[in-house]
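Going line by line, the protein sequences match chains A and B. Under the numbering used here, the residue at position 267 of the first sequence is numbered 267, and the numbers go up by one with no gaps. Under the numbering used here, the residue at position 68 of the second sequence is numbered 68, and the numbers go up by one with no gaps.
Because the hints were derived from the structure by calculation, they are not lab data. A portion of the hints provided could be inaccurate.
[What the hints assert, rightly or not] Once the Cα atoms are required to be at most 20 Å apart in a straight line, the calculated PhoX-like pairs of lysine-lysine come out as: (1) A:Lys526 x B:Lys114; (2) A:Lys618 x A:Lys219; (3) B:Lys54 x A:Lys630; (4) A:Lys632 x B:Lys114.
[Unchecked claim] Far from chain B, by Cβ distances over 10 Å, these chain A residues were calculated: (5) Arg53; (6) Ser70; (7) Arg72; (8) Val104; (9) Asp117; (10) Arg121; (11) Gly245; (12) Gly247; (13) Asp260; (14) Pro277; (15) Arg393; (16) Tyr474; (17) Asp515; (18) Ala624; (19) Leu636; (20) Ile644.
[As the list claims (entries may be wrong)] Simulated restraints, written as ranges between beta carbons of each label pair: (21) B:Lys114 x A:Ile431: 22 to 32 Å; (22) B:Glu6 x A:Gly86: 42 to 52 Å; (23) B:Glu6 x A:Asp130: 33 to 43 Å.
Positions of the beta carbon are idealized from the N, C-alpha and C atoms, including for glycine.
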Amino acid sequence: MAKVGVFVCHCGVNIAAKVDVKKVVDTLKDMPEVGFAEEYKFMCSSPGQELIRKAIKDNSINRVVVAACSPRMHLPTFQKALASEGLNPYLVSMANIREQCSWVTDDPDEATQKAIDLVARQIKRVVHQDPLDDIYVPMTKTAIVIGGGIAGIQAALDIADGNRKVILLEKSPSIGGRMAQLDETFPTLDCSQCILTPKMVEAAQHPNIEIRVNSEVKKVDGYVGNFEVTIEKKATYVDAQKCIGCGICQEKCPVKIVPDEFNAGLNTRAAIAIPFPQAVPAIPVIDPEYCRKIKEDKCGVCAKICPAEAIVFDDAPKQETVSVGAIIVATGYKEMDPAVYTEYGGKKYPDVITGMQFERLVSSTGPTGGELKRPSDGVIPKTVVFVQCVGSRDESKAHAYCSGICCMYTAKHTMLYKHHVPDGQGYVSYIDVRAPGKTYEEFVRRAIEEEGVRYLRGRVAKIRRLQNGKYRVYTEDTLVGRAVHVDADMVVLASAVEPQKDAVDLAQMLGIAYDADGFYTEAHPKLKPIETASAGIFLAGACQGPKDIPTSVQQGSAAASKVLALFARDTMVKSPQIATVDPTACTGCLTCSYVCHYSAIEEKEFGKHRVAEIIPGKCQGCGACVATCKGKAITLAGFSDDEIYEEIVSCK
Amino acid sequence: MQIEKEPRILAILCKWCSYAGADLAGTSRFNYPANVRIVQVPCSGRVDPIMIFKAFVEGYDGVMVSGCHPGDCHYGTGNYHARRRIAVARRLLEFVGVHPDRMHFTWISAAEGKKFAEVCSEFTDKLRHLSGTEKTLARKELAT
Chain A
1 MAKVGVFVCH CGVNIAAKVD VKKVVDTLKD MPEVGFAEEY KFMCSSPGQE LIRKAIKDNS
61 INRVVVAACS PRMHLPTFQK ALASEGLNPY LVSMANIREQ CSWVTDDPDE ATQKAIDLVA
121 RQIKRVVHQD PLDDIYVPMT KTAIVIGGGI AGIQAALDIA DGNRKVILLE KSPSIGGRMA
181 QLDETFPTLD CSQCILTPKM VEAAQHPNIE IRVNSEVKKV DGYVGNFEVT IEKKATYVDA
241 QKCIGCGICQ EKCPVKIVPD EFNAGLNTRA AIAIPFPQAV PAIPVIDPEY CRKIKEDKCG
301 VCAKICPAEA IVFDDAPKQE TVSVGAIIVA TGYKEMDPAV YTEYGGKKYP DVITGMQFER
361 LVSSTGPTGG ELKRPSDGVI PKTVVFVQCV GSRDESKAHA YCSGICCMYT AKHTMLYKHH
421 VPDGQGYVSY IDVRAPGKTY EEFVRRAIEE EGVRYLRGRV AKIRRLQNGK YRVYTEDTLV
481 GRAVHVDADM VVLASAVEPQ KDAVDLAQML GIAYDADGFY TEAHPKLKPI ETASAGIFLA
541 GACQGPKDIP TSVQQGSAAA SKVLALFARD TMVKSPQIAT VDPTACTGCL TCSYVCHYSA
601 IEEKEFGKHR VAEIIPGKCQ GCGACVATCK GKAITLAGFS DDEIYEEIVS CK
Chain B
1 MQIEKEPRIL AILCKWCSYA GADLAGTSRF NYPANVRIVQ VPCSGRVDPI MIFKAFVEGY
61 DGVMVSGCHP GDCHYGTGNY HARRRIAVAR RLLEFVGVHP DRMHFTWISA AEGKKFAEVC
121 SEFTDKLRHL SGTEKTLARK ELAT
């Protein structure tokens with residue numbers, strides 16, 4: 001006979017301020033199923049769990065209901081408490097009286113009544129719960145990191161140093177990501193490439209890291225410990241095994257009109273090119289949209305002069321499926337296209353550029369070789385206005401969120417500007433300066449106090465090009481309450497951080513959640529910032545939300561430690577909450593197999609009949625087959641008809 | 001004016017998106033009517049239309065089913081199966097005399113706590129306006 005122990009948590013005041021916990025216990029302790037009922041301030045604490053253990057020992061309860069927070073938060077905690085006393089961990093159920101009751105209900109009487117209902121319902125439900133045994137499946141101890149920016153590189157290096165194999169996947173021709181494009185980094189002004197390229201080379205030379213560039217994920221199957229990831233390598237038209245990276249092809253290629261992505265479109269490059277001098281690997285790629293040989297079957301100069309005979313014009317995309325145990329998503333961000341801001345010229349004005357373009361303009365590897373000249377006429381700009389929050393904190397035009405990094409990189413830009421043009425004057429239009437990192441605030445003060453940059457508090461209304469080639473920036477200074485304008489030679493827009501264009505497609509392939517903006521959602525905003533809701537898939541870097549370099553590196557390392565912890569085990573525990581077929585009730589219609597997303601249902605002989613059979617290793621426990629089965633022959637452990645209908649029926 | 005009892009709602013939510021969305025409504029302290037009762041299922045594809053009918057028989061005034069947004073299903077396609085089944089169930093509801101608006105099917109993601117609270121409040125309002133004879137009649141028929 002089921003004898004249920006009921007434990008109602010106060011959660012400090014989180015529950016107790018709205019729900020009369022004592023009344024809940026008093027009302028429910030006389031239910032026939034209940035063998036023990038108790039309240040406690042914090043059920044998740046050690047003494048709280050001890051209460052459960054003691055009740056299992058002393059009061060011989062064999063089912064447990066904990067009324068506390070969401071089961072998404074603490075169900076595993078209480079499952080462990082049961083297991084430590086030898087009770088099957090699947091014999092506990094949680095009533096969610098915090099997130100779904102005390103926190104959303106104003107009236108204490110209503111909240112108390114709702115809590116009583118919710119707990120009573122779980123008491124009725126838990127009686128129907130069956131003991132289940134965890135399923136153990138083997139684990140592939142190789143990881144894949146999607147995205148070769150600084151977060152992905154760090155994650156790959158840490159996993160590789162932990163002596164596990166990693167595939168580092170990058171869709172562009174080189175790893176390095178956004179950081180490779182930066183000139184200097186805040187708040188120390190150390191050269192970005194100088195600190196990044198050693199890591200890129202280390203990743204390339206590490207025996208445990210396999211770098212796959214020009215490659216994208218096309219399909220993801222399986223589950224934690226046993227993912228099957230289909231990768232497509234794009235056609236690059238260059239044999240990476242033969243190429244020696246001499247670069248003579250990009251010198252001789254006559255088609256020099258391809259917008260240079262690495263330089264944020266400020267200049268053009270050849271149709272065959274190594275993306276940037278420090279690229280890893282330093283192998284060129286042909287852009288088929290521009291190559292005359294591929295388009296019109298003319299030219300072919302590169303193939304003629306290549307000393308290694310590495311050019312392959314009939315290259316085609318190749319797909320390959322790899323087996324991995326864990327996935328780290330580190331796909332990074334893109335800079336918003338400021339074209340929606342027509343009042344700022346909507347990209348019509350050549351000298352109104354984005355933050356990343358400014359970065360390339362001052363970089364020694366940039367289109368001007370590090371000399372700051374404005375794009376339109378090569379004049380050295382003596383007055384520059386830096387406009388912050390373009391697309392950030394502006395729900396009406398673009399995004400409600402703060403892009404987080406722009407305050408700091410704008411302060412950095414003003415300093416770089418002063419270092420390039422000592423007699424120039426920089427202005428910053430800002431809403432608030434947000435500089436919460438270590439030595440960040442000091443860095444901004446330095447820009448204002450030592451470099452003499454003028455910070456004007458207010459949003460820029462309009463930018464107009466004047467006859468004399470200058471740009472009149474209409475803004476305001478709210479600190480003195482006055483509309484002002486500045487005639488600038490160049491304007492730099494701190495354009496918002498956005499998720500990659502295909503972020504949602506990848507999320508759907510991986511089965512991970514994303515928010516309204518397209519950033520990937522972590523499993524818990526505070527306590528599980530690395531994990532996704534899907535076991536074995538972790539997040540690193542700006543794909544999860546705007547982030548600076550230090551935080552991206554931290555998250556890369558954190559994701560790697562999660563993967564290494566996972567790989568420390570030899571087998572993987574898989575939830576036993578899967579579906580099973582009762583062959584005596586199955587009519588063999590196999591409709592269930594049509595709705596199964598995992599091809600987990602097969603046909604088998606049962607006496608003279610054919611019936612459906614579910615492969616336990618493949619079933620993920622969604623229950624689509626259960627709802628489809630006309631004969632009610634399929635049961636989903638943990639979410640059986642008995643359990644769900646009991647919840648529906650027993651709710652007042 | 002006649003004082004109506006607050007409508008009672010059963011919300012059947014998938015574990016990955018909508019149940020997490022309901023949790024987020026709590027974490028963000030977005031209040032909604034206290035008469036909402038949530039049942040967790042692994043996926044909206046697990047929802048058998050019988051569950052919905054059972055809820056009406058048990059005296060619920062409205063049933064809400066919510067899963068992940070199209071394309072976002074944790075199990076790939078479960079929410080599409082749910083959508084089709086619910087479309088058929090809606091016609092059956094109408095046939096047995098329950099106003100089809102008493103069933104609400106929606107998508108709520110794990111990041112949409114506010115939407116969950118709003119949907120609950122709006123659905124409650126809608127059910128208040130619907131309170132008429134059809135539900136009592138239909139319920140009697142279903143129960144026999």
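Do the hints match the structure? See the list:
The hinted pair formed by Lys526 (chain A) and Lys114 (chain B) meets the criterion: a straight-line CA distance of about 19 Å does not exceed 20 Å. Pair hint Lys618 (chain A) plus Lys219 (chain A) holds up; C-alpha atoms about 17 Å apart against a cutoff of 20 Å. Only pairs whose Cα atoms come within 20 Å are accepted, and Lys54 (chain B) paired with Lys630 (chain A) is accepted, the gap being roughly 17 Å. At most 20 Å may separate the alpha-carbon atoms for a hinted pair to count; Lys632 (chain A) and Lys114 (chain B) exceed this at roughly 37 Å.
Consistency note on Arg53 (chain A): stated as away from chain B, and its beta-carbon is indeed over 10 Å from all of that chain's, at 26 Å minimum. Separation of Ser70 (chain A) from chain B is inadequate, the least Cβ-Cβ distance of about 5 Å not exceeding the 10 Å criterion. With a cut of 10 Å on Cβ distances, Arg72 (chain A) falls inside the contact zone with chain B, its closest approach being about 6 Å. A beta-carbon of chain B comes within 10 Å of the beta-carbon of Val104 (chain A); the shortest separation is about 5 Å.
Here Asp117 (chain A) does not stay apart from chain B, with its beta-carbon only about 7 Å from theirs, under the 10 Å limit. With a least CB separation of 8 Å from chain B, Arg121 (chain A) falls inside the 10 Å interface cut-off, contrary to its annotation. Chain B leaves Gly245 (chain A) outside its interface by the beta-carbon criterion, the shortest separation being 41 Å against a cut-off of 10 Å. For Gly247 (chain A), the requirement that its beta carbon stay farther than 10 Å from each beta carbon of chain B is met, with the minimum near 43 Å.
Residue placement check: Asp260 (chain A) keeps its beta carbon more than 10 Å from all beta carbons of chain B (closest about 34 Å). Once the 10 Å rule is applied to beta carbons, Pro277 (chain A) is consistent with being away from chain B; the minimum gap is 41 Å. Annotated as non-interface, Arg393 (chain A) keeps its C-beta farther than 10 Å from every C-beta of chain B; the closest such distance is 19 Å. Listed as a non-interface residue, Tyr474 (chain A) keeps its Cβ farther than 10 Å from every Cβ of chain B; the least gap is roughly 36 Å.
Here Asp515 (chain A) does not stay apart from chain B, with its beta-carbon only about 4 Å from theirs, under the 10 Å limit. The Cβ of Ala624 (chain A) sits about 4 Å from the closest Cβ of chain B, inside the 10 Å cut-off, so the non-interface label is violated. Not every CB of chain B is more than 10 Å from the CB of Leu636 (chain A) (nearest about 7 Å), against its label as outside the interface. Residue placement check: Ile644 (chain A) does not keep its beta carbon more than 10 Å from all beta carbons of chain B (closest about 6 Å).
Between Lys114 (chain B) and Ile431 (chain A) the CB atoms are about 24 Å apart, so this pair conforms to the stated range of 22 to 32 Å. In this structure, Glu6 (chain B) and Gly86 (chain A) meet the distance hint of 42 to 52 Å, their C-beta atoms being roughly 44 Å apart. Between Glu6 (chain B) and Asp130 (chain A), the C-beta spacing of about 36 Å keeps the proposed range 33 to 43 Å intact.
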